[in-house]
Amino acid sequence: MLDIKVIRENPEKVNELLKRRNKDLSIDNILVIDAQRRQIQFEADELKAKRKNESQKIGLMKKNGENTDAIQEEVRAMGDKIKELEEKQAQLDNEQRQALLYIPNTPSEDTPIGSDDTSNPVVYVWGEPTKKPYELKPHWDLCVEKNMVDFEKGVKLAHTRFALYRNKGALLERSIINFFLEVHTQKHGYEEILPPVLVNSAAMTGTGQLPKFKEDMFKCVDEDLYLIPTAEVPVTNMYADEPLSEDELPKLLTAYTPCFRREAGSAGKDTRGLIRQHQFNKVELVKLTTPEQAREEHLKLTDDAKEILELLELPYRVVELCTGDIGFSAKKCFDLEVWMPSYNGYKEISSCSWFGDYQARRANLKYRRKDNGKMEFVHTINGSGLAVGRTFAAICENFQTEDGKILVPKVLQKYTGCETI
RNA sequence: GGAGAAGUGGCUGAGUGGCUGAAAGCGGCACCCUGCUAAGGUGUUAUGUGGAGUAAUCUGCAUCCAGGGUUCGAAUCCCUGCUUCUCCGCCA
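Residue numbers (the numbering used here): 44 to 464.
Warning: the hint list may mix true and false statements.
[As the list claims (entries may be wrong)] Pairs of lysine-lysine residues, derived as BS3-like cross-links and limited to a Cα-Cα distance of at most 25 Å, are as follows:
{"no.": "1", "residue 1": "K312", "residue 2": "K199"}
{"no.": "2", "residue 1": "K343", "residue 2": "K294"}
{"no.": "3", "residue 1": "K196", "residue 2": "K211"}
{"no.": "4", "residue 1": "K93", "residue 2": "K124"}
{"no.": "5", "residue 1": "K230", "residue 2": "K66"}
{"no.": "6", "residue 1": "K413", "residue 2": "K343"}
{"no.": "7", "residue 1": "K413", "residue 2": "K211"}
{"no.": "8", "residue 1": "K174", "residue 2": "K189"}
{"no.": "9", "residue 1": "K196", "residue 2": "K56"}
{"no.": "10", "residue 1": "K56", "residue 2": "K66"}
[Said to hold, decoys possible] Derived CB-CB ranges, DEER-like:
{"no.": "11", "residue 1": "D414", "residue 2": "R217", "range": "42 to 48 Å"}
{"no.": "12", "residue 1": "C263", "residue 2": "L237", "range": "19 to 25 Å"}
{"no.": "13", "residue 1": "N53", "residue 2": "S158", "range": "22 to 28 Å"}
{"no.": "14", "residue 1": "C263", "residue 2": "S288", "range": "50 to 56 Å"}
{"no.": "15", "residue 1": "K62", "residue 2": "H202", "range": "38 to 44 Å"}
These are calculated hints, taken from the structure and not from any lab test. For glycine and all other residues, C-beta sits at the position ideal for the given N, C-alpha and C.
Please work from the sequences and hints to get the whole structure.
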């Protein structure tokens, strides 16, 4: 969430940045709550100080054998008033926190301004869109023909938008996961994490999924547990309420997990194939950094994701998300888009975001600075490195041969144990 | 799942109703001393949130797992929850 002090001291600036996302956003109501809240706290604190003094007096009087009935009654009445003020204060605290939880992050000053994805500038292109003299089948046909993915079984066992991988399909999916993890741990220096895929509402609130995006997630009926929509949630929250020391930063973490999304509101979108499933695999990259390190580490994390696509020799481009398209918690974000013949276009395969201290405030992620010994919020950064199902689809489509085979990218062959599928 | 015990500052650990935001030790930091090394001395060392001040800083309140309760007053008493440990049961 945003820093209330920044909001208080610089409301015009905050409003201006928020309106770059959406002109309806405003923190004006929060300022009103904040002023009331501080007034009440001031009154309550003064009264509590008074009660403390009087109570100590009673202790002394009792020691001296004096009668304290009158003063006790007086302090009791004070207690009633304090309780009243405390309740009011708690209510205002809560109101303010709730309001803040629904305000998105302020975009970075240099995030391009625009209202939707049509304003996202392309900042980098690698390779050429795949062109072949023969027809490239969409992966949803090819994979079914080759008995690699069984969409019907997925639907039968669970629900629409669930798939079952089998045979070489399961092998390819598993190989991609292993390849991703190995590059990020061996080459890029990330620590591998295998986290729980169910997390509680505190974790979901920390990274910004709750409370606003509740309908996007699968929730357990009788427990305060949600299926994670991304490994970002458990991994970013690992150090919540647990200050790090500055030498531990930047902290680089990577995790493979299945991800679960309700895709509420996506009815009719990407209904064929592996592109938009309720369950999909992803390897995530997460960084916790100092504010000074953040921008550079964000670029480096994006490079780590880009490198995967280059190693696989998949054509892709990078777009920078504009203020109207950027995620709720992010300040700045690059999307990596892979060439997907079935779409005759580029399709998102990774989203690399810098969150500033927005998530850190929500999750209470802090570190102790070396220069002044003070506690400070870390900056969080994350990105897909990469989405596995979409990589699977991109490989199937971009690398198919005329006789219906799929060429396994060189770097994957040691995992699949074969050159073609 | 059943029974019992326990949760205090970065760590160990004292503290059963008031002068304890919290002893002591360790660790950390600063300075001093010692011609190396090791040791020693002095001081300092929690977080959150208000108020005053340009600021350095001063100051109120809250916080001893969490939330309630009792009391003039709670780390200390009571209730609930969570977590950890031990024993039993079950189990991949």
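**Asked** Can the restraint linking K343 and K294 be considered satisfied, given a maximum Cα separation of 25 Å?
**Response** Judged against 25 Å, a Cα distance of about 13 Å means the pair holds.
**Message:** Is 38 to 44 Å respected by the C-beta to C-beta distance linking K62 and H202?
**Reply:** Given range 38 to 44 Å: holds, Cβ gap about 39 Å.
**Asked** Hey, K93 versus K124, does the alpha-carbon distance stay inside 25 Å?
**Response** 12 Å, holds
**Asked** Does the alpha-carbon distance linking K174 and K189 stay inside the 25 Å limit?
**Response** Since the Cα atoms of K174 and K189 sit roughly 22 Å apart, the hinted pair holds (cutoff 25 Å).
**Item:** Distance restraint between K413 and K211, which requires alpha-carbon spacing of 25 Å or less
**Value:** 52 Å, violated
**Request:** Given the hint that K413 pairs with K343, test it: the Cα-Cα distance must not exceed 25 Å.
**Result:** Between K413 and K343 the Cα gap is close to 24 Å, so the pair holds against 25 Å.
**Request:** Verify the proposed pairing of K230 with K66, using a straight-line Cα cut of 25 Å.
**Result:** Violated - the C-alpha atoms of K66 and K230 are around 43 Å apart, more than 25 Å.
**Asked** Quick one: are D414 and R217 within 42 to 48 Å, going by C-beta?
**Response** Hint holds: Cβ distance 46 Å, inside 42 to 48 Å.
**Request:** For the range 50 to 56 Å, tell me whether the beta carbons of C263 and S288 fit it or not.
**Result:** 35 Å, violated
**Request:** Compare the distance between the alpha carbons of K56 and K66 with 25 Å, and conclude whether the hinted pair is satisfied.
**Result:** Judged against 25 Å, a Cα distance of about 14 Å means the pair holds.
**Prompt:** Does 19 to 25 Å hold as the CB distance between C263 and L237, or does it fail?
**Reply:** 20 Å, holds
**Message:** Tell me if the straight-line CA distance from K196 to K211 falls inside 25 Å.
**Reply:** Holds, because 16 Å separates the two Cα atoms, which is no more than 25 Å.
Violated hints for the displayed structure, listed by number in ascending order: 5, 7, 9 and 14.
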